[in-house]
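Chemist: For reference, the chains in residue letters:
2 protein chains.
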Amino acid sequence: MPSKTTLKDLANLAGVSVSTVSKALNDSPEIGARTRQRIKDIAESCNYVPNNIARSLKSRSTKTIGVIIPAILIEFFNKVLYGIEQEATERGYKIVICLSNESSRKEAESINTFINGSVDGVILSVAEETQKSKVYDHFEKSAKHNMPMVMFDRVLDDITCDKVTVDDFEGAFNAVKFLSDLGSKNILFLNPISNTSVGQHREDGYVKAVSGLNQEPNIVNVSHYTEIEKALSTVFNNQKIDAILAADEYSAALAQNAARLNNLKIPQDLSVIGFTNGMVAEYANPSLTVVSQHAENIGKIAAGILLDRIEGKLRAEPVNKVVKTKIVERNSTKNI
Amino acid sequence: MPSKTTLKDLANLAGVSVSTVSKALNDSPEIGARTRQRIKDIAESCNYVPNNIARSLKSRSTKTIGVIIPAILIEFFNKVLYGIEQEATERGYKIVICLSNESSRKEAESINTFINGSVDGVILSVAEETQKSKVYDHFEKSAKHNMPMVMFDRVLDDITCDKVTVDDFEGAFNAVKFLSDLGSKNILFLNPISNTSVGQHREDGYVKAVSGLNQEPNIVNVSHYTEIEKALSTVFNNQKIDAILAADEYSAALAQNAARLNNLKIPQDLSVIGFTNGMVAEYANPSLTVVSQHAENIGKIAAGILLDRIEGKLRAEPVNKVVKTKIVERNSTKNI
Numbered sequence: 001m002p003s004k005t006t007l008k009d010l011a012n013l014a015g016v017s018v019s020t021v022s023k024a025l026n027d028s029p030e031i032g033a034r035t036r037q038r039i040k041d042i043a044e045s046c047n048y049v050p051n052n053i054a055r056s057l058k059s060r061s062t063k064t065i066g067v068i069i070p071a072i073l074i075e076f077f078n079k080v081l082y083g084i085e086q087e088a089t090e091r092g093y094k095i096v097i098c099l100s101n102e103s104s105r106k107e108a109e110s111i112n113t114f115i116n117g118s119v120d121g122v123i124l125s126v127a128e129e130t131q132k133s134k135v136y137d138h139f140e141k142s143a144k145h146n147m148p149m150v151m152f153d154r155v156l157d158d159i160t161c162d163k164v165t166v167d168d169f170e171g172a173f174n175a176v177k178f179l180s181d182l183g184s185k186n187i188l189f190l191n192p193i194s195n196t197s198v199g200q201h202r203e204d205g206y207v208k209a210v211s212g213l214n215q216e217p218n219i220v221n222v223s224h225y226t227e228i229e230k231a232l233s234t235v236f237n238n239q240k241i242d243a244i245l246a247a248d249e250y251s252a253a254l255a256q257n258a259a260r261l262n263n264l265k266i267p268q269d270l271s272v273i274g275f276t277n278g279m280v281a282e283y284a285n286p287s288l289t290v291v292s293q294h295a296e297n298i299g300k301i302a303a304g305i306l307l308d309r310i311e312g313k314l315r316a317e318p319v320n321k322v323v324k325t326k327i328v329e330r331n332s333t334k335n336i
Numbered sequence: 001m002p003s004k005t006t007l008k009d010l011a012n013l014a015g016v017s018v019s020t021v022s023k024a025l026n027d028s029p030e031i032g033a034r035t036r037q038r039i040k041d042i043a044e045s046c047n048y049v050p051n052n053i054a055r056s057l058k059s060r061s062t063k064t065i066g067v068i069i070p071a072i073l074i075e076f077f078n079k080v081l082y083g084i085e086q087e088a089t090e091r092g093y094k095i096v097i098c099l100s101n102e103s104s105r106k107e108a109e110s111i112n113t114f115i116n117g118s119v120d121g122v123i124l125s126v127a128e129e130t131q132k133s134k135v136y137d138h139f140e141k142s143a144k145h146n147m148p149m150v151m152f153d154r155v156l157d158d159i160t161c162d163k164v165t166v167d168d169f170e171g172a173f174n175a176v177k178f179l180s181d182l183g184s185k186n187i188l189f190l191n192p193i194s195n196t197s198v199g200q201h202r203e204d205g206y207v208k209a210v211s212g213l214n215q216e217p218n219i220v221n222v223s224h225y226t227e228i229e230k231a232l233s234t235v236f237n238n239q240k241i242d243a244i245l246a247a248d249e250y251s252a253a254l255a256q257n258a259a260r261l262n263n264l265k266i267p268q269d270l271s272v273i274g275f276t277n278g279m280v281a282e283y284a285n286p287s288l289t290v291v292s293q294h295a296e297n298i299g300k301i302a303a304g305i306l307l308d309r310i311e312g313k314l315r316a317e318p319v320n321k322v323v324k325t326k327i328v329e330r331n332s333t334k335n336i
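Chains A and B, in that order, give the protein sequences. Mapping the first sequence onto full-length UniProt numbering, position 327 (from 1) lands on 327, and the numbers just tick up by one. Mapping the second sequence onto full-length UniProt numbering, position 332 (from 1) lands on 332, and the numbers just tick up by one.
If we strip away everything but chain A, and leave its shape as in the complex, we get (with noise of 0.2 angstroms):
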């Protein structure tokens, strides 16, 4: 067990009081120029730490902000804490981390730690369990404590806070007509993740953009992504496909590989676009044209508001921004 040294066992240790300590470690002039340095020297000889909490409160600032993710093994989540590490530094910020791991209880103990005086602030993206559920109890303390919290991808529209979002709509709308300029003409629309508010409004967009088009939507929904070699493979042998979109990189390149196996070239017979612009897009083969949300952008963006908001330099009002995709053009897709 770690032994920490506290005002008290100092004060024990003078034979004076804790305030005593406290002013003494604070230069205060009110204590002695001989008791302050016998006090310092016991502090010193018991490897004494000032609370940095303690401290904070008195100057109500803690330079700190927390930020929560729902999971560590998604890339998206490491480049937004990449982009938020990388502001919060230039700004002279520290960031701690806590992992929600989609589970709202996880997700409260987290603002609660924070709440409890240990953060300036909070950057988050809320948990699939508190999507689901509806109760949103953890976030109105953080309200009701005037805690600065910016949501950012996944936001609750029910809570006021500044939020910063991706056009997922748009992005899936851009990439059809993207793949309509290079002449597809029969556009498949890959799913592993329609459970989502985020899938959600990638179909949206695709079936916006092909009605457009006059094209039919051609949707294919998989639970799970060992689902979708077989699931394509039925399509190849009954239809004629010529450019897929995939709801993200993974299933991506798992449709460049069934197309493989079932002896379609790509971008020669098919193109394929993938959203999110990871190491699995650019390791693929041949490699992926993507929908990029400039995940660390997002980290960026998300810091600087909140970062704004604590220094005061924000009106009352909250933030909403929404992050443009765009299209980065790799090997999966035709050059014409």
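Certain hints may be false.
In this list, chains with the same sequence are indistinguishable; a pair is considered to hold if it fits within one copy or across any two.
Simulated pairs of lysine-lysine, DSSO-like, Cα-Cα distance not exceeding 30 angstroms [what the hints assert, rightly or not]:
1) K240 / K334
2) K63 / K144
3) K141 / K40
4) K8 / K313
5) K185 / K8
6) K40 / K106
7) K230 / K265
Because the hints were derived from the structure by calculation, they are not lab data.
Got chain A; can you put chain B on it based on the hints?
Modeler: Quick look at chain B alone, frame taken from chain A:
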């Protein structure tokens, strides 16, 4: 700015001393029932939250462990974090994460934050800058404070604490043996991380293994991933290579792409094995056979040791746990 109510604020409002407020909120019988209730009512109306740290100084336990990782965009560390989180949750502990971003200063700042009473112990992998500079003041300080500490993967011989490492030498040695058993006679080692201790251990294991097979070591060092395609094309044009062992999964995936460009079929003409079992290996085409370091398991083991240490279940001498690697066979190596 968050406006946090302090004990002192409550004391002023109630017209009593800080000590009376504290005792009342902790249901001390020293304070009369009516006064207790009055103070609790004031605390509630002010949204007062008891300070975590002040509480923990009483029990000397926060049920929280701190983790410091050098980089958030390296999947290995994310998987270790995942394992730490699993084990900590299992045993009733929370985790808070800081990033050192390979910087000694940030690493020291994080250690200081943790020493200041917010966690019961620390798990970390050492920042590159610290490994180079060999300046370990912050670790010596945490040792002085009897802060339980577990280092994983990148550890320091000069610091006495519990350690969890991977047997990189043996991992490379076994991978060469695996390739040789498949019939490979000309095994090349592709190393994009020769400037790290980990990359060096893997190279040493490779050299030892091929020497035992009476093959000449054939090592291609690259300083950047973009050099791989050109470097390997030169090799393919001038030498007969039938297998590549790559020091990480990214270089393994790029080696596959280079082979395809040179009309080599995988695994018929060339077998490829990479280190680390991540998403790139899983989604590569063909999927990659890898040397897995069991990253998630490393996290679980490190957290288990730390919690045993915190809970006084270990003897004084430090634990040194070496995690064995394992070959995960996929489609980039011949099946005989």
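Chemist: State the violated hints by number, sorted upward, taking the hints as numbered earlier in the document.
Modeler: Going through the list in order, the structure violates hint 5 alone and respects the others.
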